[in-house]
Every structure is written in structure tokens, then in C-alpha cells.
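**Student:** If you want the building blocks of each chain, they are given just below.
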Amino acid sequence: MTFNPAEFIDRWGSNIWQATIETFQMVGIALSISIVIGLPLGVILVLTRPGKALDNKYLYQFLNVFINVIRSIPFIILLFFILPFTQLIVGTSMGVRGVIVPLVVYTAPYIARLMENSLLEVDKGIIEAYEAMGMKTRHIIWHVMIREARPSIILGLTIATIGLIGATAMAGLVGAGGLGDLAYRFGHLRYEEDVMIVTVILLIILVQGIQSLGNRTAAWLKKD
Amino acid sequence: MIELKNVSKTFYSKKSAVQALSGVSLNVGKGEVFGVIGYSGAGKSTLIRCVNLLEKPTEGQVIIDGTDLTGLPASKLREKRQKIGMIFQHFNLLKTATVYENIAIPLKLTGLSKTEVDERVKKYLAVVGLDDKSDAYPGQLSGGQKQRVSIARALSHEPEILLSDEATSALDPETTESILDLLLRINREFGITILLITHEMHVIQKVCDRVAVMEGGEVVEQGSVIDVYAQSAHPTTKKFIDSQFPIEAPESMLKTIAGKGPIVKLSFVGHSTGQPVLSEIVKRFDVHTNILSGNIVQMKDESYGRMIVHISGETDAPKAIEALKDAGVQVEEVNLDDV
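Listed in order, the protein sequences are those of chains A and B. Numbering of the first sequence is given in numbering that gives the first Met the number 0, commencing with residue 0 and proceeding in unit increments. Numbering of the second sequence is given in numbering that gives the first Met the number 0, commencing with residue 0 and proceeding in unit increments.
If we strip away everything but chain A, and leave its shape as in the complex, we get (with noise of 0.2 Å):
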């Protein structure tokens, strides 16, 4: 069998395009979501320890548990597992709207733990400088503590980015589509070698291009 691009993109061309459509609008809602979600925890997280500003011992160990707990649960099973959740926040479990609850719920804690571990390598002689000229705490978190976290939190960002592309392709279960799944359902069910093959490399042109970014901007920010 010889491969014929121009007959493979009249054959395939839309249901990839629609693919990669489909993975981008996961990704891109279920990062953004994750993000508003993963990033104030992180801050919590931090700041709630023994000896921080807000220190609340209940709290953070709450949140502590809470974390593991739902970072134990393969996606696969938490996709089904929280089904009647999902059902109830977006009306549907169905499609891209039926999976991004649960790619958000998966990816949420997990921006949280990186988050705050890039706040915590945060000089912590900076912070207590602006403590010293009389800073507010919520100046300090967003002005030094973010601010000098960027570098970090971008990289770890590009992580959680490539593994939330991971858990889309087991979206295709709930029928929300995306490269993943075209790639197990055409590529590997049915025998489509061409089709396994194209996604595949689409898939590591846009882990390699996510990841590049992720460098250059993290050493764009980090001016030292």
C-alpha cells in the first residue's frame, strides 16, 4: 500500500481537522478552567502552611488530602465515576461540554501542586523585604510571590498542558472526540494505519511546539 497525501486529506482532511479542533477547544477550556481553579489552591496551599501568613494547620491539611485523593484516581475511572456531577454542573456528559468537567477536575489539583511548588521556590528573603516596607499580603502573593514565580509556574503549565492532551484521548469514551481518539477508534480499531500514524505525528508536532514555548517563555521571564 503506498501513501497518497492527496488522497489520504480528501479521505481523512476533515475528520482530522475536526479532530484537532475538537482537542484544541478541550485543552484550551479545560486548562483556562483548570488554571482560575489550580492556581488560587496553589496560593492557598502556600500560604496556609505552619509559619506562613495564613497559617491555618486545618485548612492546608484539608486541602492536602483532598488533593492526593482525587490525584489517585486514574482519569478513566474518575471520567465515569463523577458522571451524576457532571450531569449536574454543565446538563450533559456527553461531547466536549460532558468531558471538560472531569479533564478539569483531573487538572485542576495537579496545577495546584505545581503551582505550589513554584511558589515556594520563591526567595523567601524577597518576601519577607516586602513584608519589612509594610506590603499587603495580597500585594505581596500577585507583585513578588507570582511575579517571581512566573518562569516556574510557566514551565510547570507546559506539563500540565501535555498531560491534559493525554487525558483527552480517553474523552473519545464520552464521544467528545480529538486526535486521540480518532487515532484509537480509525487508526488502531479499525485497522487504519495511515490515520494511527498522522495523528500520532500531529500529536508530537504540538506536544514538541507546546513544550518549546513553554522554555522560551519561562527563559524570556526568568532575565538572570
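Keep in mind the hints are simulated off the structure, nothing from the lab. Here the structure is a predicted model, which is why all the values come from computation and not from measurement. All the pointers check out, no bait thrown in.
Calculated pairs, DSS-like style, for lysine-lysine (alpha carbon to alpha carbon, straight line, at most 27 Å):
| id | chain 1 | residue 1 | chain 2 | residue 2 |
| --- | --- | --- | --- | --- |
| 1 | B | K82 | B | K113 |
| 2 | A | K51 | B | K94 |
| 3 | B | K122 | A | K222 |
| 4 | A | K222 | B | K107 |
| 5 | A | K221 | B | K121 |
| 6 | B | K79 | A | K123 |
| 7 | A | K123 | B | K14 |
| 8 | A | K135 | B | K113 |
Based on these hints, arrange chain B on the given structure of chain A.
**Tutor:** Just chain B now, kept in the frame of chain A:
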């Protein structure tokens, strides 16, 4: 201006309690440069952090300009802190911000308008001599330049007090000199009261009016710098001062003079450092003098010198020593093994 009353600080961990400060009282006058010296672990770092309540004292009061900070609610404390500048050993600048932004960001956060911020940044960058570096990042600056930026950042809030937490300890000797000169200038030009901590006697000698010596969480001696040099009583203080007067007479020389007349430590304070007292006693009495070591340190307003001298000439030596004392020189007979 700064008054610490019986300040104690105990750090508790699960298993033990460490008392970092016990009953420290200090009083720093307006416009004064006050130094606290001690070895590491003496509690000086905890002490300076208690002044702006980065560390909350377990007991005692911290009174700044008549207000007891320990009783203030968080928002009032923040206001007070804005008038107490602080500089650190490791500068603590934002690495991701330019020199300009490092000074401008905290100013903006205190609610100054954009033009006011711009004026202040430019003014204080000029004061520290870095007006040409405003677009550089801290990573591109030398240690001394970084400390200048952090001084500009502290000054830009126009504080009445500047706290210096080992600000020169990470710098080389030459850079240390220039930063100390800058601190002195700030003290004189802006009338800012400076409280600094250090482990180098040289820093105290060069810029401080008064000094407190700390050990084991307590102030063991305090007074004006010149008095502490001339009349130190505590062994730790003596050690710090002795560190500036190294005795480097060779072993063989010390052996040959052993037992042939007294060896004396002469201390000269202020005007007597300029007198040729040794040549005078040689002329007047039948003695010879042999200088084993000597050094003069220039303080802020006065100088202090010290010599170890061997006086030979058995009969006249006591008379010569009396004459030295009359000339205002402190004379202390020393044992060779002690020097």
C-alpha cells in the same frame, strides 16, 4: 527614636525552646548610627528583626518614635513599617524586575501617583549613583550595585529609620568601604537614624556613634564607640577590638627580649594619637623602646591607636611608664604569652 525595652524572644519547636534574646534593652537616638556587633548565634539578627516586628518579641516593648509597635493592629503596623527602611545581606531584589521596577513597584503599591513614583525612583537612583542602570536586571549587576539598588529602594519610602541586617557581609572589602561611605552620607544628608548589625569591628569603627556588643542573646556591653575601644571590659568586646590590632612580632624576636624589661600595651585615644610620646620618653629617660606592633584606626570623629612596646632600661622604665600615663596614654603591662 528606637527604644527596645526588655525584649525577649524564644523560638519554640516541638521538642525544645531556644531563647534567642533575653531582656535586651537599647535606646537609639534620632540621627544616630547605632551598631550591634556579635558572633553568629549571638541573637543580633533576631534583635534587628524585632525592631520592625518581622519577628514578634515574646516579651518586652518595641517603641518607635513614641509608639509601641507590639500593640499595633496589622494595618497600623504596615503604615509604621513603611517609614522603617531595611536592607539585607543578600539584597532581596526581585530578580525578574529591572532596577527601576524594583524601586517603583513598592512605591506604586503604597498608592503614590505615577509621576511621584518616577520622581522618587530617579532621585534615589541618583543618590546611590546608579542613574545609568535603571533598565538593568539585578542579575547583570555586581554585589555592591545590588546593595545600592536595595538602599535606593529603602530610601525611596523616605524613612526616618534604616535597619541594616549585615548589609556588607557578602561584599568584598573595597565594596564594603563604598557602601559604608554611602550609609554615612545618608545619615548626614537625610538625617536618617541607622541601626545596623554586623560581625565586623571595622564596620562599627567606621560608621557608628554607639555600639552594643551581644553574646548569648544578651547585650554584654554598650556605649560610645570610642569608650568601648578605650575601656572595654567584657572578653567578647576585647576579642572584637583585638581583631583589629593583630600582633605579628616574630617568635625569635619575642624570645630575645623576654625578661629584659616590661612589655606594655599603649592605647591612644583621640588627640594623643598625634603626639610623639615614645621619642619623648627615650630622650628624657635612660630607656630604649622597641615597637612590636602598632595600628591606628580612624573612627567616625576620632582615632584610636594601639601599640605593643618593649621598654628596656631597668631602672628608668617605671618612670617612663609614669610619664606616658601623664601624657594621656593608657598603659597596661602585658605578659608575652597573652599578647
